[in-house]
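Q: This is what each chain is made of:
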Amino acid sequence: MDALDLARWQFGVTTVYHFIFVQLTIGLAPLVAIMQTAWVRTGNERWLRLTKFFGKLLLINFAIGVATGIVQEFQFGMAWSEYSRFVGDVFGAPLAMEALAAFFVESTFLGLWIFGWDKLPKKIHLACIWAVAIATNLSAFFILAANSWMQHPVGAVFNEETGRAEMKDIGAVLTNPTVLAAFPHTISAAFLTAGTFVAGIAAWWMVRLVRRGDVATARNVYRPAVIVGLVAIIVSGAGVAITGDQQAKLMFEQQPMKMASAEALCTTSSHVSFSILAIGNLSNDCDNVKHVIEIPGMLSFLATGHFDSTLQGVDDLQAQYEQKFGYTDENGNPISYQPDLTVTYWGFRLMIGFGLGSAALAVAALWLTRKGRVTDKKWFGTLGIAAIATPFLASSAGWVFTEMGRQPWVVAPNPNPSGVDGVWLITARGVSTVPGVSSIAISLAAFTLLYGVLAVAWYRLMHRYTVEGVAASEKDPSPEARTDDDADAPLSFAY
Amino acid sequence: MELTTVWFILIAVLWTGYLVLEGFDFGVGMLLGVLPHKQDRERERRVMINTIGPVWDGNEVWLLTAGGATFAAFPEWYATLFSGFYLPLLLILLALIVRVVAFEWRGKIDDDRWRAWADRALVVGSWVPAVLWGVAFANIVRGVELDADHQYVGGFWALLNPFALLGGATTALIFLTHGASFLALKSDGEIRTRAAALAARLAPVTLAVAAVWAIWAQVSYSDAAWTWAAVAVAAVALVVLVVSTRARREGRAFVASAVTIVAAVVLIFGSLFPDVMPALDPANSLTVTNASSTHYTLVVMTWVAVILTPLVLLYQGWTYWVFRKRVSTAHIPASIGLTFDRKPVTTGPAAEDR
Numbered sequence: 000m001d002a003l004d005l006a007r008w009q010f011g012v013t014t015v016y017h018f019i020f021v022q023l024t025i026g027l028a029p030l031v032a033i034m035q036t037a038w039v040r041t042g043n044e045r046w047l048r049l050t051k052f053f054g055k056l057l058l059i060n061f062a063i064g065v066a067t068g069i070v071q072e073f074q075f076g077m078a079w080s081e082y083s084r085f086v087g088d089v090f091g092a093p094l095a096m097e098a099l100a101a102f103f104v105e106s107t108f109l110g111l112w113i114f115g116w117d118k119l120p121k122k123i124h125l126a127c128i129w130a131v132a133i134a135t136n137l138s139a140f141f142i143l144a145a146n147s148w149m150q151h152p153v154g155a156v157f158n159e160e161t162g163r164a165e166m167k168d169i170g171a172v173l174t175n176p177t178v179l180a181a182f183p184h185t186i187s188a189a190f191l192t193a194g195t196f197v198a199g200i201a202a203w204w205m206v207r208l209v210r211r212g213d214v215a216t217a218r219n220v221y222r223p224a225v226i227v228g229l230v231a232i233i234v235s236g237a238g239v240a241i242t243g244d245q246q247a248k249l250m251f252e253q254q255p256m257k258m259a260s261a262e263a264l265c266t267t268s269s270h271v272s273f274s275i276l277a278i279g280n281l282s283n284d285c286d287n288v289k290h291v292i293e294i295p296g297m298l299s300f301l302a303t304g305h306f307d308s309t310l311q312g313v314d315d316l317q318a319q320y321e322q323k324f325g326y327t328d329e330n331g332n333p334i335s336y337q338p339d340l341t342v343t344y345w346g347f348r349l350m351i352g353f354g355l356g357s358a359a360l361a362v363a364a365l366w367l368t369r370k371g372r373v374t375d376k377k378w379f380g381t382l383g384i385a386a387i388a389t390p391f392l393a394s395s396a397g398w399v400f401t402e403m404g405r406q407p408w409v410v411a412p413n414p415n416p417s418g419v420d421g422v423w424l425i426t427a428r429g430v431s432t433v434p435g436v437s438s439i440a441i442s443l444a445a446f447t448l449l450y451g452v453l454a455v456a457w458y459r460l461m462h463r464y465t466v467e468g469v470a471a472s473e474k475d476p477s478p479e480a481r482t483d484d485d486a487d488a489p490l491s492f493a494y
Numbered sequence: 000m001e002l003t004t005v006w007f008i009l010i011a012v013l014w015t016g017y018l019v020l021e022g023f024d025f026g027v028g029m030l031l032g033v034l035p036h037k038q039d040r041e042r043e044r045r046v047m048i049n050t051i052g053p054v055w056d057g058n059e060v061w062l063l064t065a066g067g068a069t070f071a072a073f074p075e076w077y078a079t080l081f082s083g084f085y086l087p088l089l090l091i092l093l094a095l096i097v098r099v100v101a102f103e104w105r106g107k108i109d110d111d112r113w114r115a116w117a118d119r120a121l122v123v124g125s126w127v128p129a130v131l132w133g134v135a136f137a138n139i140v141r142g143v144e145l146d147a148d149h150q151y152v153g154g155f156w157a158l159l160n161p162f163a164l165l166g167g168a169t170t171a172l173i174f175l176t177h178g179a180s181f182l183a184l185k186s187d188g189e190i191r192t193r194a195a196a197l198a199a200r201l202a203p204v205t206l207a208v209a210a211v212w213a214i215w216a217q218v219s220y221s222d223a224a225w226t227w228a229a230v231a232v233a234a235v236a237l238v239v240l241v242v243s244t245r246a247r248r249e250g251r252a253f254v255a256s257a258v259t260i261v262a263a264v265v266l267i268f269g270s271l272f273p274d275v276m277p278a279l280d281p282a283n284s285l286t287v288t289n290a291s292s293t294h295y296t297l298v299v300m301t302w303v304a305v306i307l308t309p310l311v312l313l314y315q316g317w318t319y320w321v322f323r324k325r326v327s328t329a330h331i332p333a334s335i336g337l338t339f340d341r342k343p344v345t346t347g348p349a350a351e352d353r
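Protein sequence lines, in the order shown, are assigned to chains R and A.
If you use numbering that gives the first Met the number 0, the first sequence corresponds to residues 0 to 494, in order.
If you use numbering that gives the first Met the number 0, the second sequence corresponds to residues 0 to 353, in order.
Warning: the hint list may mix true and false statements.
Heads up, simulated BS3-like pairs for lysine-lysine below, C-alpha to C-alpha not over 30 Å straight-line [what the hints assert, rightly or not]:
{"hint": "1", "chain 1": "A", "residue 1": "K324", "chain 2": "R", "residue 2": "K51"}
{"hint": "2", "chain 1": "R", "residue 1": "K55", "chain 2": "R", "residue 2": "K118"}
{"hint": "3", "chain 1": "R", "residue 1": "K121", "chain 2": "A", "residue 2": "K324"}
{"hint": "4", "chain 1": "A", "residue 1": "K324", "chain 2": "R", "residue 2": "K55"}
{"hint": "5", "chain 1": "R", "residue 1": "K118", "chain 2": "A", "residue 2": "K324"}
Hints were generated in silico from the structure; no laboratory data involved.
Start from the sequences, fold in the hints, and give me the full structure.
A: Below, the structure written as structure tokens:
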């Protein structure tokens, strides 16, 4: 492997890993905020118990998300310095904005929330978790704006003298149609993740307690949590589907090669079928692909809203790209402008397929908890736990699809009129030239090893706290509830 | 003033925020192994960790902001520095990762071995960046080997020169003293007494080492005469630190160590300007001009920074006010953590079927 391959593996490993924790945090922080709001408004202790329970899981998760996030910001400069030189004028702005506008709020108010239970008035303490929840979502917007610019550069020009992209319009960068589609899709997916997480754990506990004979706790504490998760799944599930459809339509316009590759569509044609199962594409040779199961006309419809529309195929797009960007690289080797067929085809399908895991849980939960019911059906508890993993797998597949589908570009050129022309960069030109192969190999090994160890510890913590369940009771820790003026009492929360 | 100069100053401000704030929580972490006494070790460690508990995360964001701002305002600087100092930055990243998770996870499990691992992570995770930030900044001040394309070509071992190593010792000592004075100010009981005594012992050593490094930096690597003022301020602050720690004036001692860090950052950035990364061959140096973004980007970012930075200072300041009370062992509740060995009643619903 050369430096490019190692740097790409490193980026893939560190980014997919980071996003696992991020996607749960983005959705879970608002759900915890909603539970705490319910406690503050109703005074019902069950919401305090749930807030503390899911709050702990949120914190375990938040820590590792923060820790791995530092790597994300640093590795553009470390492993992708030539990319950084090329895009810094544009790409650096949303990153810096994210830190200043969102991440500061997130980290500062999270500290206030953790340690402020017995220090801050109830409503101000509640405002702190909302500040965290809103800021995590704002964070996501800026990061996605940066990523969307790589998918579809706007608001910039290429300066031939310096060889760099230059920003001309920050408004265009922040209202890039790509981010306006990617943000709701990603946020919906995050809420789907958190909804499934909350509903899944609560469902498992509900079943467990009913079987143990503690129907009261199952009904009074866990069932409401199942409902919170369920509502989140239904609303965000619909959001994921609608925004996904919109994003796909946009992608057919903006990155036709990515979508043609995802559909293993070789030649430009009309009335295109949607392929559900295809075989024989392992050699990345489009013409070897055999579509086994397909829905006639469906892809044309998904892409444009018409069953008879014409879609561009991989081979034809390759010819267009060759004409525009050249047949061979500086060493005389032919350039392939098509991304990895297998990865994009299956990445796209796994994303959608795994997304259905949450739907299964939602349907079962809707039926089994109807009209105030609780259930002792063992399979429902098992389904709850199993479903938790599916949105994580779906999102990981989605990111692998959209990032691998952009290859060989790190900044994709724009075929459509809404983008800017002339701003593009091949991934191979973005990698750092200074740290040698050995340095990047060392860092890839070190990150992978450390992330593996942390994953084990993270899993043990999450598992241990999940099986502990909500506390039997929680005392109102707020200063308003304090009867004695005991300033030297132990902290209600301490590390 | 040129916008490039404004941004040079802003980045210096961000680094100041980072080093002053995270400086003391590095110091607390570095002292975690040595300051608590045997008879009450665990509770005293928890006192130390809880003095910074509510704020360490917010403190660390100053680093991310400094990094992001450098990327946005001086992409060439960001690219050359981060790719050139690849291995030291890797070590810093690994250290910061284990440090962050150790803070949050340490108390989650009530188990001696679990805590021992977390403490190792906190100590190592605090020492490594405390030393390496000094090494990195000293190398930037000293100048490194850049080629005509502004790529760092000096290799890893060239970064370990005597001036840089002394820089690493200087930052480690400053953060140790800063952390000890912070603990003396924020804790109560025996740990406060011990932290104050340690600060008093560390202060003269810090004064000596920092003075040598600062004068070396000024004489050999600063083109500006005015940076002597920063050296002087640092010297005065360090003398005040020595005197205050001896007199157990905790507030004044902490301010003195904070001012020392501010003066050090002013010295570092002042000696660089107008370079951002001087090269051994001055023709190849990265300057505020040739490393910067376009005027438009700088204008946009200036607005963002001018509006948001005061807000950040405001709510972070509020956090410090909310948690202004001293922490002592009396405030430390029994461990909130669960134990691994208390087997959960079942491993799942299945077990109840029997």
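Q: Taking 30 Å as the top limit, are the C-alpha atoms of A:K324 and R:K51 close enough?
A: holds (24 Å)
Q: Given the hinted pair R:K55 and R:K118, is their Cα-Cα distance within 30 Å?
A: The given pair, whose Cα atoms are some 19 Å apart, holds under the 30 Å limit.
Q: For the pair we were handed, R:K121 and A:K324, check the Cα-Cα distance against 30 Å.
A: holds (20 Å)
Q: Could you grab the alpha-carbon distance between R:K118 and A:K324 and see if it respects the 30 Å cut-off?
A: The given pair, whose Cα atoms are some 11 Å apart, holds under the 30 Å limit.
Q: Taken at face value, is the distance from the CA of R:K55 to the CA of A:K324 at most 30 Å?
A: The given pair, whose Cα atoms are some 25 Å apart, holds under the 30 Å limit.
Checked against the numbered hints above, the structure breaks none of them.
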